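Asker: So the chains spell out like this:
2 protein chains.
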Amino acid sequence: MTTQPDLIQALGAKANRLRIHSIRAISEAGSGHPSTCLSAAEIVATLFFRVMRYDPKNPASPVADRFVLSKGHAAPVLYAAWCEAGLYTPEQLLTLRRVDSDLEGHPTPRLPFVDVATGSLGQGLGVGVGLALNSRDLDKTNYRTYVLLGDGEVAEGAVWEAAQMAGYYKLDNLVAIVDTNRLGQSQATMLQHDLETLAARFAAFGWNTVTVDGHDVGQLLDAFDKAAATPGKPFAIIAKTFKGKGVSFAENKDGWHGKPFKKGEETEKAIAEVTAAGIDEKVALPIPAPTARPAEFAAAKPMEAPAFKPGDEIATREAYGFALVKLGAANPRVVALDADTKNSTYSDKFLKAYPDRFFEGFIAEQNLVSVAAGLAARGRIPFASSFSVFLSRGFDQVRMAGVSGSNIKLCGSHVGVSIGEDGPSQMGLEDLALYRAIPNAVVFYPSDGVSAERAVALAAEHRGFAYIRTSRPKTPILYSNDEPFAIGKAKVLRKSAKDVLTIVSGGVTLVEAIKAADELAKEGIALRIIDLFTVKPIDRETLVANAAETGNRILTVEDHYPEGGIGEAVTAAVADAGIRVARIAVTEVPRSGKPEELIAKYGIDAAAIAKKVKALL
Amino acid sequence: MTTQPDLIQALGAKANRLRIHSIRAISEAGSGHPSTCLSAAEIVATLFFRVMRYDPKNPASPVADRFVLSKGHAAPVLYAAWCEAGLYTPEQLLTLRRVDSDLEGHPTPRLPFVDVATGSLGQGLGVGVGLALNSRDLDKTNYRTYVLLGDGEVAEGAVWEAAQMAGYYKLDNLVAIVDTNRLGQSQATMLQHDLETLAARFAAFGWNTVTVDGHDVGQLLDAFDKAAATPGKPFAIIAKTFKGKGVSFAENKDGWHGKPFKKGEETEKAIAEVTAAGIDEKVALPIPAPTARPAEFAAAKPMEAPAFKPGDEIATREAYGFALVKLGAANPRVVALDADTKNSTYSDKFLKAYPDRFFEGFIAEQNLVSVAAGLAARGRIPFASSFSVFLSRGFDQVRMAGVSGSNIKLCGSHVGVSIGEDGPSQMGLEDLALYRAIPNAVVFYPSDGVSAERAVALAAEHRGFAYIRTSRPKTPILYSNDEPFAIGKAKVLRKSAKDVLTIVSGGVTLVEAIKAADELAKEGIALRIIDLFTVKPIDRETLVANAAETGNRILTVEDHYPEGGIGEAVTAAVADAGIRVARIAVTEVPRSGKPEELIAKYGIDAAAIAKKVKALL
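In order, the protein sequences belong to chains A and B. Here this note's numbering is used: the first residue of the first sequence is 1, the next is one more, and so on. Here this note's numbering is used: the first residue of the second sequence is 1, the next is one more, and so on.
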């Protein structure tokens, strides 16, 4: 049995070994953040060599305790821990930040032990909430989740969104450690070493807390023991540390945030000082093995088909709710979340059907996305919904989910001026621009109940980020229940040999386009109509082939601003095919009014479409 | 002298009058949120008819106390207050939500008494911080700022970003009132009527707090008195209220969030109940007049010209810092903010020159944007900077600034893969897509020091939102110091009669395009090169004219994802002119590496451009 003093000595020495690895790797790279690695060394050593249960030979183990490095710029100390655990040689660490190395400047899931990319601060705790919810409420297993934050990043509101959700759900399998090293990038933090105030904030958000000296391994061990032994609340360890700890010329000094030690004398002096503080472990530090059992999932079945009747009218947002229920029956991995809009997005249908797989996220959309990313990291398929405009609050989290390749799905409802009287603050007119810009995203814009249900099924099948754009007004059913849909395949809704122009649209404006075509048909003007279905990837082939049959003319119509939406997507897709594309869209900040008044006022209704068609012919 | 009981009676009656106006207007509109107006009635009555100093005849008065309705869906009770103050007739209130009325579903600055649009929850307190900072530290006047929040919206992290900044800056001229009505849109809030926990949260964030019965005018009067008399900290009034207060069938009941009372019996029953509670004021309620003096600004002078030497190399981010200092000298309205990246964005130069006009916002970008909007609402011209990716955290706040027409300027640095080793989490590759989608935005993408300085000057002159995209690497000076720049005017950098193709670009890829042109010139291939300068508005005329002279061929190159960036902007702009546009951009999630390795790997360097040009010819 290891005596406590020996254990403390060994973990202290381990911390210094992490320091040396970090310094060497950063100096070799010539860029990076050494001082933040030095402040976290004892915390990381204690976690990786005493507290956490994992398998160094299987870094992707699904049953290991989770570690989220929310302060992603301390990546080298994480890589150093895995080196000391046996996954890397010290020489491999020296490939840090090289283009041919997965040891990137900030951690990404290219590494098997990283659940989500970090580096945009303040996102890790929300991911941790997702991981912890999954462990306790879904997998019903026992892995624990540890999130290491910096004190600078707790200024991010997203941290408090995560903290309140962890408190509300009483996630006592979640531990946050705040590496309170006093110094931000450009100056001291707001609270500096006022640990008590920081602890009071976590306490007010529903956490048990303890303040410790973050360089005192004994205090850290006690804190982690207490965290494990204290049920009913998440646990925050507020650790007083010093940036640059152990290196005299950098310790607790401003100006060393993103600055490597110079190769040569400066680096060697730093390493000599750390070495002198002790790097030999007197006793072995065995890594506890995971004890969790893997979650088991029944295989997914095909989702039940839509069941609309001809003449039905339904909002795509409501069809989303129907579909989510069917998807929940077909696929046990599917979970749903909402931000207190579930009676508007219709995700409440899923809540009623599967209360154990629904998480209310309240009005905190950044955290909603991060929690979803945490759930996705453990094999769940989360669908998170709110008004499109409010989801834009979480854009940076979605961007990071894109970097991670996270398998999350968002549904943004209430898009466009067609929501009506609530006015511009509630109208999603930028969402296509936002989500098209995420690499590998699938952006669905269903135009009726059938396609909305199919979009949900296809979103679940797609591996990666998907966005579903739903509308508020009821619109007619356009497709038969057995119509096949696929990602990247547009639908030709109207077609004749006499068509003189192709209209490309989606959602409420597609319905307006059909009305316009009906009117123009009376005047002998035949139009081809294409429902894009997925704005990304876009069905270039269908667009080009149909435009070629209609005088190489396309008109796009959308309840969205002109930038980054359907018009630009279509124009870019067919740019090299000699096709002329005209576009109509909402071109100014709208105002309140009835939906039909607004689509007329902003020039995207049937009359405006008909007028534009005539002008183009 | 009015006795206190009479005052309390009168304010209670006033609150009921506000209730009746709200109910009637919403019932007439057939949509809206009556229950949230009813919970706030005493708070609003006390503020508007006893506490706040303003001039009902001059609702746009710049010296009046400020009121921000952060819970924007309670708009009708705000309009009702202005009706009772004499600005509207009761009949005018009945135009609520009509397309021909400025009384929109949520408040916008179309109304003279509204500083910023609200309706996306959790943004008002940050705006209030900006208003309060302006009063105390810039105008050095005495107006006070009151922000009314809902308890649902305090789940938004942005609220805590604002709370911490108010606490840090000890804004004792700022009062937050939380209308704690227990019920959100779809269910009860997390804390429901646990006022003490909510107060503890504000206290931990640096506020003085008091809890009151929000329907007890006497308690509210005492609370506002205490707020005015307690220096050194911002003041939070946590008011226990009931949603639907005063209407028996709605009070404290779920399911009445966005639901009007039915016209006819239901509405009349509600009004009868409120009327019976008392609507006649026994004493007059004189509105205190503002005592603040208007701020005086020296007239802006032209900004000093750039002063680079031929052969200089400078990063556009650093030129931003130089320019900001010059702009600060030329225009006293200019202020700067940063999110703890000032030594990377170079806004620290402004801090050094004008410490009184710089506000450190710490790592809380949502709030940074909202504070800027508050400052802009009082005539300041705020420039807020951070890494481009981190600013994307505040997209919803920027969107709302767009709805407001706020005169704010953002500078996003460290764009694209050319930042190098820090990796994808730090690379701004979506910013053009985001900010192009803001109506009336100007999106600058300067390519050298001279144009970066001119962009800053032009951003200040533009009335409305502007975004400046700056790069990390040093690049050559391309323009003479006296080169004139204008919004919406591109620059033709290279031109000959033999040009076979026009390249359109900006930033580091423009420099690569010049290198490619130099190489291809050796092979006898002449290229035209256009520096877009503003991506929005785009200079269609220059693009079309030059493309026409180069075989109607354009190649765009950008350090940005393909969607919503330069390529799509150019393609859309020239779509009807018979010009073929090819595009190269970053098409996958990048990784860490040296800048020159990454621009090569992701196909946007000189070699990739030259190869693409040859393929196109």
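There's no promise every hint is true.
Distance ranges between label pairs, derived from CB positions [what the hints assert, rightly or not]:
| no. | chain 1 | residue 1 | chain 2 | residue 2 | range |
| --- | --- | --- | --- | --- | --- |
| 1 | B | E519 | A | K611 | 57 to 63 Å |
| 2 | B | E483 | A | D254 | 35 to 41 Å |
| 3 | B | G488 | A | P476 | 41 to 47 Å |
Simulated crosslink set (SDA-like; lysine to any residue; CA at most 25 Å straight-line) [stated by the list, open to error]:
| no. | chain 1 | residue 1 | chain 2 | residue 2 |
| --- | --- | --- | --- | --- |
| 4 | B | K489 | A | T587 |
| 5 | B | K612 | A | T587 |
| 6 | B | K263 | A | E596 |
| 7 | A | K489 | A | Q192 |
| 8 | A | K352 | B | P473 |
| 9 | A | K611 | A | E588 |
| 10 | A | K259 | B | P473 |
| 11 | B | K282 | B | D213 |
| 12 | B | K253 | A | N343 |
| 13 | A | K352 | A | A295 |
| 14 | B | K495 | B | A607 |
| 15 | B | K489 | A | A582 |
| 16 | A | K263 | B | P286 |
| 17 | A | K352 | B | K612 |
| 18 | A | K611 | B | R53 |
| 19 | B | K594 | A | A582 |
| 20 | B | K474 | A | S31 |
| 21 | B | K170 | A | A582 |
| 22 | B | K263 | A | P537 |
| 23 | B | K233 | A | A203 |
Just so you know, these hints were derived from the structure itself, not from any lab. Model, not experiment: these values are computed from the prediction. No residue lacks a Cβ here, since even glycine has one placed at the ideal position from N, Cα and C.
Asker: Are the hints correct? Go through all of them and say.
Answerer: How the hints compare with the structure:
Between E519 (chain B) and K611 (chain A) the beta carbons are some 50 Å apart, a value that contradicts the proposed interval 57 to 63 Å. As the Cβ distance of E483 (chain B) to D254 (chain A) is approximately 38 Å, the hint placing it in 35 to 41 Å holds. Judged by the Cβ atoms, the range 41 to 47 Å given for G488 (chain B) and P476 (chain A) holds: they are separated by roughly 42 Å. Restraint check for K489 (chain B) and T587 (chain A): the C-alpha separation of about 21 Å stays at or below 25 Å, so the hint holds.
Taking the CA atoms of K612 (chain B) and T587 (chain A), the gap is about 34 Å. The hint is violated against a cut of 25 Å. Between K263 (chain B) and E596 (chain A), the direct Cα distance comes to roughly 22 Å. Compliance with the 25 Å bound is thereby established for this hinted pair. At roughly 55 Å between alpha-carbon atoms, K489 (chain A) and Q192 (chain A) are farther apart than 25 Å, so this suggested pair is violated. Annotation: proposed proximity of K352 (chain A) to P473 (chain B) is violated, straight-line Cα distance about 54 Å (limit 25 Å).
Between K611 (chain A) and E588 (chain A), the direct Cα distance comes to roughly 19 Å. Compliance with the 25 Å bound is thereby established for this hinted pair. A distance of roughly 16 Å separates the Cα atoms of K259 (chain A) and P473 (chain B); the hinted pair therefore holds under the 25 Å criterion. Under the criterion of a C-alpha separation no larger than 25 Å, the hint pairing K282 (chain B) with D213 (chain B) is consistent with the structure, at around 23 Å. A threshold of 25 Å between alpha carbons decides the hint, and for K253 (chain B) with N343 (chain A) the separation of about 15 Å falls inside it, so the pair holds.
With a CA separation close to 24 Å, the supplied pair K352 (chain A) and A295 (chain A) stays within the 25 Å bound. For a cut-off of 25 Å, the pair hint linking K495 (chain B) to A607 (chain B) stands: about 21 Å separates their Cα positions. At roughly 23 Å between alpha-carbon atoms, K489 (chain B) and A582 (chain A) fall within 25 Å of each other, so this suggested pair holds. Proximity of K263 (chain A) to P286 (chain B) is assessed by CA-CA distance (about 73 Å); at most 25 Å being required, the pair is judged violated.
With a C-alpha separation of about 55 Å, the suggested pairing of K352 (chain A) with K612 (chain B) is violated against the 25 Å cut-off. Taking the CA atoms of K611 (chain A) and R53 (chain B), the gap is near 52 Å; set against the 25 Å cutoff, the hint is violated. For the hint pairing K594 (chain B) with A582 (chain A), the CA-to-CA distance comes to about 41 Å; that exceeds 25 Å, so the pair is violated. A distance of roughly 17 Å separates the Cα atoms of K474 (chain B) and S31 (chain A); the hinted pair therefore holds under the 25 Å criterion.
Proposed proximity of K170 (chain B) and A582 (chain A) is contradicted: the alpha carbons are some 54 Å apart, above 25 Å. Taking the CA atoms of K263 (chain B) and P537 (chain A), the gap is about 47 Å. The hint is violated against a cut of 25 Å. Straight-line distance between C-alpha atoms of K233 (chain B) and A203 (chain A) comes to about 21 Å, which keeps the hinted pair within the 25 Å bound.
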